[in-house]
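**Student:** Letter by letter, the chains look like this.
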Amino acid sequence: MKTEESGIRWGMVIDLDRCTGCGACVTACQVENNIPLTDRQGFAEGRNLQWLRIERYWEGEFPHVRARFLPMLCQHCDDAPCEPVCPVYASYHTAEGLNGQVYNRCVGTRYCANNCPYAVRVFNFSEPSWPQPLEQQLSPDVTVRSRGVMEKCSFCIQRIRRGKEAAKLEDRKVRDGEVHPACAQTCPPGAMVFGDLNDPDSLVSRMARSPRRFRLFEDLGTEPSVIYLKGGGHEHPG
Amino acid sequence: MKKLLLTLVLLCVTGLLLGGLTLLYHLPLDTRDRSPQQPLPFSHLQHAGDLQIDCRFCHRHAETGPVAGVPDLDLCLSCHRHIATDKPTIQQLAGYWDRQEPVPWVRLHQLPDHVYFPHHLHLRAQVECSYCHGQVENMAQMQRIASLKMGWCLNCHRQNQASIDCWACHM
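If you're matching them up, the sequences are chains A and B in order.
Residue numbering for the first sequence follows this note's numbering, starting at 727 and increasing by one per position.
Residue numbering for the second sequence follows this note's numbering, starting at 14 and increasing by one per position.
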């Protein structure tokens, strides 16, 4: 297959020392991927639809309290726990190391979400709707998922696709920094970097080699493609 | 004797049933869907056939974007302000322009929302327009010749070693 020859392995580096927890990535993701809005009750019921969320942790005792933020999105695991449990192969692994979700194949068993240690898969418990005039801003490149379908972060596959198309039309490879998911593009302090982990010279690979690196729940052996950076004396003094 | 007759009749009935079912399976049942009545009797036979106008003269975005595009009224009228202006159908066409209304063409090649089909990449891969759209230069009334179902897409993708990754088309 042609896609398998591309030799790309998409990955992301998130520098937690840069993250301010502003939530711009969450909004960008919501807008880019046609994610319906969840009301207060939905959140209370744990039925919030978010592909990307900011986890907030409090550290220390009053008055020396500090907030820690961690953007949590699909980790696109190489050994993804969500994939083998899907009875209809709606959750599958692409040749480029992405963890795919095929909406039109999904029958809504929710096994994948239950098996995901990161809790990043969300389920459409109701038919999606947008308050006026927000339905006017839906992206035509992204399917609007119907009720009963599991969905999750796709690393903005429509943007990856567009980047690859542009490269293909010019008979070249995708350049480093050509493709950005909406979250990485929006992040004001530039805490999120996206690129090809197989290319040793790409920015994302260079950052991934940092001694500050760690991956979430590394001991589970899920081999995530999202690498977090933390520590190393770059913090503001508390 | 009676037994033989009965067996023969049974065989005939089974054969007929099976034949009928096979016929039903293969016949295009959506003939009306495949060639619906259009608001204006536009003829590809005349434009693409007799006059040999290139597909891409009217369907302008086929080479540059995912959607080939139906020509806007201005493009139709760029010729028809001067050509065949006395014909009633052309006057009807001009009527849409005067009323500032789009022509409500009935879409024949409609893909579901969850399918992404880029025209420009298929043209770049040297897929002929007629491979999916048929010999439109012979159609007085436009017809859809392909089923446009996923199996049909996949067949061609497999034959030409194109990507059969789910996310290649479903995003």
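Hints in this document: simulated from the structure, not taken from any laboratory.
Watch out, some of these pointers could steer you wrong.
[As the list claims (entries may be wrong)] If you want a taste of the chain A side facing chain B, the calculated C-beta under 10 Å gives, among others:
id, residue
1, LEU763
2, ASP765
3, ARG766
4, LEU824
5, GLN827
6, VAL828
7, PHE851
8, SER852
9, GLU853
10, VAL868
11, GLN884
Given the structure is predicted, the values throughout are model-derived calculations rather than measurements.
Note that CB positions come from ideal geometry on N, CA and C, so glycine has one too.
**Student:** Could you run down the list of hints and mark each one as holding or not?
**Tutor:** Hint-by-hint comparison with the structure:
no., hint, in the structure
1, LEU763, "20 Å, violated"
2, ASP765, "25 Å, violated"
3, ARG766, "30 Å, violated"
4, LEU824, "7 Å, holds"
5, GLN827, "9 Å, holds"
6, VAL828, "5 Å, holds"
7, PHE851, "20 Å, violated"
8, SER852, "18 Å, violated"
9, GLU853, "14 Å, violated"
10, VAL868, "6 Å, holds"
11, GLN884, "5 Å, holds"
Hints 1, 2, 3, 7, 8, 9 from the earlier list are contradicted by this structure; the remaining hints agree with it.
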